[in-house]
Amino acid sequence: MIEIIDLCKSFDGHKVLDNLNLRINTGDTTVIIGRSGCGKSVLLKHIIGLLRPDSGHVLIDGKDVTKMDEKQLNDVRLKFGMLFQGAALFDSLNVFNNVAFGLNEHSNVSFDEKAKRVAECLSLVGLKDIEDKKPAELSGGMRKRVGLARAICMKPRILLYDEPTTGVDPIMGDAVNDLIAELHNKLKVTSIAVTHDMSSAYKIADKIAMLYNGSIRAEGTPEEIKNTKDPIVRQFITGASKGPITEGIDFQHLITE
Amino acid sequence: MKDFIVMLGRRFMNFVKYAGGVSILLGETLFWIPMPPLRRKQVVEQMSKIGVDSLPIVAMISLFTGMVLALQSAYQMQRFAAEMYIAALVAVSMSRELGPVLTALIVAGRVGASITAELGTMKVTEQIDALETLATNPIKYLVVPRFLALIVMLPILTLFADVIGGLGGYIIGTMKLNISHGMYMKNTWEPLKYKDIYTGLIKSFFFGIIICITACYEGMKTEGGAEGVGRSTTASVVVSFILIIASDCFFTALFYFVGKQ
Chain A
97 MIEIIDLCKS FDGHKVLDNL NLRINTGDTT VIIGRSGCGK SVLLKHIIGL LRPDSGHVLI
157 DGKDVTKMDE KQLNDVRLKF GMLFQGAALF DSLNVFNNVA FGLNEHSNVS FDEKAKRVAE
217 CLSLVGLKDI EDKKPAELSG GMRKRVGLAR AICMKPRILL YDEPTTGVDP IMGDAVNDLI
277 AELHNKLKVT SIAVTHDMSS AYKIADKIAM LYNGSIRAEG TPEEIKNTKD PIVRQFITGA
337 SKGPITEGID FQHLITE
Chain B
-2 MKDFIVMLGR RFMNFVKYAG GVSILLGETL FWIPMPPLRR KQVVEQMSKI GVDSLPIVAM
58 ISLFTGMVLA LQSAYQMQRF AAEMYIAALV AVSMSRELGP VLTALIVAGR VGASITAELG
118 TMKVTEQIDA LETLATNPIK YLVVPRFLAL IVMLPILTLF ADVIGGLGGY IIGTMKLNIS
178 HGMYMKNTWE PLKYKDIYTG LIKSFFFGII ICITACYEGM KTEGGAEGVG RSTTASVVVS
238 FILIIASDCF FTALFYFVGK Q
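Chains A and B, in that order, give the protein sequences.
To convert a position in the first sequence, counted from 1, into the numbering used here, add 96.
Residue 142 in the numbering used here sits at position 145 of the second sequence, with consecutive numbering throughout.
For reference, chain B alone in the conformation it holds in the complex (with noise of 0.2 Å):
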């Protein structure tokens, strides 16, 4: 019994441990944002390697994910005859769940994964010490530019996704359910509001920050070589997940009650 309360205690101090550095990471992330120099290249690059880079493979399990959603939809419907409402459906899930939540899935695993590990690499081989000794603060120099990379091109590539799923749910609607191009039209903007489509682009802005300070953090405290580095680039990925689907819980409730009011 006082092995599993010590165990727990541990567990909680780690816990607690974790939390304060994520948070001191944040804080001192954005105060080191408005600080000179500003470093727009190193943004550009990154906006490309987290952003464009990512744009193939968001937009092909984006489409997928569309035609899978109407073909299930239209599973359900066909007993009420109610295949037109299929457009409705694929649109407003796409925009206001689906979209924000699988592409920061998928920038997550490819993008979040890649930075802990870059960060962790840099750690071990102490590049990170060299660039203090340089007099460079590495907030500044390496979580700065990837924050602002990935606040800035996860919503673009989440509109992104909203529209290919949309196209993904066109194409089974037209080529196999016979609804036609003006009436799937039709039903895909009418019931769509504007707040679906910005309660989706908020979502993924704090995913943005969660996937960036979560791969950040573990990278710059890895230890271990490159066992270290596999480890925490596991952990970056799992605990982004694990952050994004309950922020995203934490969200839709938010915006469930607020939108009631």
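Just chain A, same shape as in the assembly (with noise of 0.2 Å):
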């Protein structure tokens, strides 16, 4: 289980994350919902201990990743798979030492093994005969496959998602979903999501959460989500830009000037 208790993060004096409380239960797939800029990807980023906290805590197994050094926080970093929003594959290995770098780093596994475990990751997302091609020589949603099939390649028991569906075309998206929903069911894995992306998230997720000023103003399953009251909640989920959360904020000069 991951619990996250009075997280607080400011940059440059402005507050990101303010005394945010939130449990991911061991196997659910969670997705964090707000809008962009509101602090989802620091929120992921503490969570695998990219980013120290200014206070709060992160327990991964009741373990704090704020307090750990160095060693401490590289053996748990071992059970997290993460998949960019930009994909993040090393420009300059191909892709066949992108999906086997843990692998390369981690462990003493021969070439062959290597190979076959490079197979059957790539497979698993869809993708076969591409391990000699560079970064470069893919479209964005082949880069988000082999960025998925390097986040699963070390066998890893929570995987985090930052903007899955971001940057490539809706039907990508839509395949995208459903590559995160059956890796979630054949790996057993605890999946964390953040995405504005809402018809992704009633997709893959078990339970929404939603980020906003700095903390969680609601979560609930899909359905709980899509029946919410909360005006807030309701604004962003249907997409509307007049309610409480653009209040004061007046989108006619996007159209005029």
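To be clear, the hints were calculated from the coordinates, so they are not data collected in a lab.
Here a beta-carbon is modelled for each residue, glycine too, at the ideal position from N, C-alpha and C.
Hints should not be assumed to be uniformly reliable.
As the list claims (entries may be wrong) - Cut-off 30 Å, straight-line C-alpha distance, at most; resulting in silico cross-link-like pairs (DSBU-like, lysine-lysine):
hint	chain 1	residue 1	chain 2	residue 2
1	B	K(-1)	A	K224
2	A	K163	B	K120
3	A	K251	A	K210
Claimed, not checked - Taking beta-carbon pairs under 10 Å as the criterion, some of the chain A residues facing chain B (in silico):
hint	residue
4	I144
5	V172
6	M178
7	A183
8	L185
9	H202
10	A247
11	D258
Unchecked claim - Residues on chain A that point at chain B, a partial pick, calculated with CB under 7 Å:
hint	residue
12	L146
13	R173
14	L174
15	F180
16	G182
17	A184
18	F186
19	F197
20	G198
21	N200
22	E201
Mind assembling these two chains? They're in different frames, but the hints should get you there.
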């Protein structure tokens, strides 16, 4: 189980996370929704220890990652796989070495075993025979899939997805959603995704939590979120430009200027 | 007046922050060097990129510098009929000063800029974060191989620059100023002391550290997409140039005073 307790983080005096509390159950897919720039990715980076909070705790199976030194953090990180927004594939390495990166760094398995594992991971994300290609030769959707193959190569227990459907066309976005759901079922992992794409959230989530003004505004099953009476959550999930979130903000200048 | 003091204070704080960041990166790099794995393959790759690939431009610039040095000093020395000392002047100034400094400036411009651009792009595309999520320390993986390659290859490139600069002087001396081959060689080797060569190499070793740490620091703190990468790359070259010239002044003074005692 992952528990986030009273998490606070500021950048240059601007509070991004403000006493945020969230519990993520083992084996569930939890989707964190919120507006662009509201701190969703920052929250994800706290969970995997890429950022240290100003205060608060992130407990993974009862162990606080905010208090760990680098070696302990690396041991915990081996339990995670993360898909970045732009896939973050290493430009200088080919697909094989990108996917096998964790194995190259943290195991002594033979080349044949690595090749087998890489082919297995690529086939899980619907790709084959692209091991020799460089990331620059791949399309956006393929890059996301290779990023996902790299994330699952070390057989993680927790998968983190940062905007998994951003930057790909709607059809590929839906394919990525199917892939996330399929991987969740096959690998039996705990998944946490951050997104502002509501169709993606409804499709993959067991639980949806909305981040607003630095803390969790609402959480519940997709059905509960769909039927919420909270005007702020309603405005976000329906994508209305007028409402309590945008009160006092005039979008007219976007049209006239 | 108040605004001026605030601005001065802010600049000073930025300077302290920068110096602190660079020192921490240097400390962490030194800490990670002996830690396994040693990544020999990556070090050799970087040596090739940094050293071997820089050799043509270093050779060309050193050759022309040696030639210009010989011609310019001939202009002065002909007045005193002292052309035969041109060989000594070229050899000593190349090995003590121009070899190390010019090579460092070329490498800072060519290699330092490319390190910053590469690491900066990795930073803004979250590749450095990805390294950390894969339980790999970015300093060990990215900075250490470049650091080792630079501190080994910059002195070697400097040796090449010394020799090729001398060759430039030799070409002008023997073909244009009518100094005989034997006389030129004698006047090159006789006044040249070991100290002239090793002080130059010591300088270039420290220039290598400056170039690597400045370039990596600028790269790893890049923010703001392509524009940020451009800004960091410019800053990396400018800061490296300033630090190379400033530390050259420091080392020259140090060797001068130590040599006198």
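Tested hints:
Under the criterion of a C-alpha separation no larger than 30 Å, the hint pairing K(-1) (chain B) with K224 (chain A) is inconsistent with the structure, at around 65 Å. With a CA separation close to 25 Å, the supplied pair K163 (chain A) and K120 (chain B) stays within the 30 Å bound. Restraint check for K251 (chain A) and K210 (chain A): the C-alpha separation of about 13 Å stays at or below 30 Å, so the hint holds. Below 10 Å, beta-carbon pairs count as interface contacts, and I144 (chain A) has one with chain B at about 6 Å; its hint therefore holds.
A hinted interface residue such as V172 (chain A) counts as satisfied when its beta carbon comes closer than 10 Å to some beta carbon of chain B; here the least separation is about 9 Å, so the hint holds. Interface restraint check for M178 (chain A): the shortest CB-CB distance to chain B comes to about 5 Å, inside 10 Å, so the restraint holds. For A183 (chain A), the shortest C-beta to C-beta distance to chain B is roughly 9 Å, which falls under 10 Å, so the interface hint holds. Taken as an interface hint, L185 (chain A) checks out: its beta carbon lies about 8 Å from the nearest beta carbon of chain B, inside 10 Å.
For H202 (chain A), the shortest C-beta to C-beta distance to chain B is roughly 6 Å, which falls under 10 Å, so the interface hint holds. Satisfaction of the interface hint for A247 (chain A) is found here, the shortest Cβ-Cβ separation to chain B being roughly 8 Å, below the 10 Å cut-off. Interface restraint check for D258 (chain A): the shortest CB-CB distance to chain B comes to about 8 Å, inside 10 Å, so the restraint holds. At about 5 Å, the closest approach between the beta carbon of L146 (chain A) and any beta carbon in chain B falls short of 7 Å, and the interface hint on this residue holds.
A hinted interface residue such as R173 (chain A) counts as satisfied when its beta carbon comes closer than 7 Å to some beta carbon of chain B; here the least separation is about 4 Å, so the hint holds. Because the smallest distance between the Cβ of L174 (chain A) and any Cβ of chain B comes to about 5 Å, under 7 Å, the interface hint for this residue holds. Interface restraint check: F180 (chain A) against chain B, minimum CB-CB distance 5 Å, threshold 7 Å, status holds. With 7 Å as the threshold, the beta carbon of G182 (chain A) comes within range of chain B, its nearest partner Cβ sitting at about 6 Å, so the hint holds.
At its closest, the beta carbon of A184 (chain A) sits 4 Å from a beta carbon of chain B; the interface hint therefore holds under the 7 Å criterion. This hint holds: F186 (chain A) has a C-beta 6 Å from the nearest C-beta of chain B, less than the 7 Å allowed. Using the Cβ-Cβ criterion of 7 Å, the hint placing F197 (chain A) at the interface with chain B is satisfied: the shortest such distance is roughly 6 Å. About 5 Å separates the beta-carbon of G198 (chain A) from the nearest beta-carbon of chain B, less than 7 Å, and the hint is met.
A distance limit of 7 Å between C-beta atoms decides the matter here; for N200 (chain A) the minimum to chain B is near 10 Å, and the interface restraint is violated. Interface hint at E201 (chain A): satisfied, since its Cβ lies 5 Å from the closest Cβ of chain B, which is below the 7 Å cut-off.
In terms of the numbered hints stated before, the structure departs from hints 1 and 21, listed from lowest to highest.
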